[in-house]
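*Asks:* Under my numbering, the sequence shown has 36 at position 34, and the numbering climbs by one with no breaks.
Hints may contain errors.
[Claimed, not checked] With a cut-off of at most 25 angstroms between alpha-carbon atoms, the simulated SDA-like pairs for lysine to any residue come out as follows:
| hint | residue 1 | residue 2 |
| --- | --- | --- |
| 1 | 45 | 130 |
| 2 | 102 | 116 |
| 3 | 42 | 107 |
| 4 | 78 | 23 |
| 5 | 45 | 137 |
Derived by calculation from the structure, the hints in this document are not laboratory data.
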Amino acid sequence: MENVVKAVTEKTLFSRTTSIQKHIHTDPETLWSILVDGEKYTKWNSTITHFDGQIKKGATIRLKSYLDEKRTFKLKVKELIEGEKLVWGDGMGKRTFDLKANDSGTLFSMSEKIGGPFFPLFAKMIPSFDEAFEKFVNDLENEAIAIEIKN
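Make the full structure from the sequences, and use the hints.
*Replies:* Below, the structure is given as structure tokens:
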């Protein structure tokens with residue numbers, strides 16, 4: 003039976019935060035290897051249509067999402083704690099990935115906060131991230147399963 007989870011979005015006047023958590027029955031090392039291999043993002047991740055760059059601290063990555071294929075997001079890798087945490091973002095927001103090992107696998111968490119003083123002016127133009135987060139986490143789990151089957 004699939005471990006189905008839903009994303010949650012909290013809104014304030016000046017920001018929006020979307021979060022999701024899912025227990026994935028694999029070790030953090032497997033998930034980490036998937037998350038930091040930018041070259042393969044478009045192969046396993048149905049939410050990313052283009053990815054360019056290396057995921058290492060201080061590096062700049064460029065990606066396109068199916069939510070807005072005309073826009074290329076230029077993001078800086080702000081934090082990278084091997085096997086535990088990855089943060090990338092720009093001046094408008096940041097996305098955080100967290101991995102926590104437990105007895106039967108890994109608790110994977112992802113959140114993105116966007117906002118700022120001008121957020122109310124364009125908030126309605128930004129699509130909901132809920133479906134994209136749910137797809138991302140399910141794609142990540144499916145890729146981890148595929149890797150384990152190969153090994």
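*Asks:* Of all the hints given earlier, name the ones this structure violates by number, lowest first.
*Replies:* none
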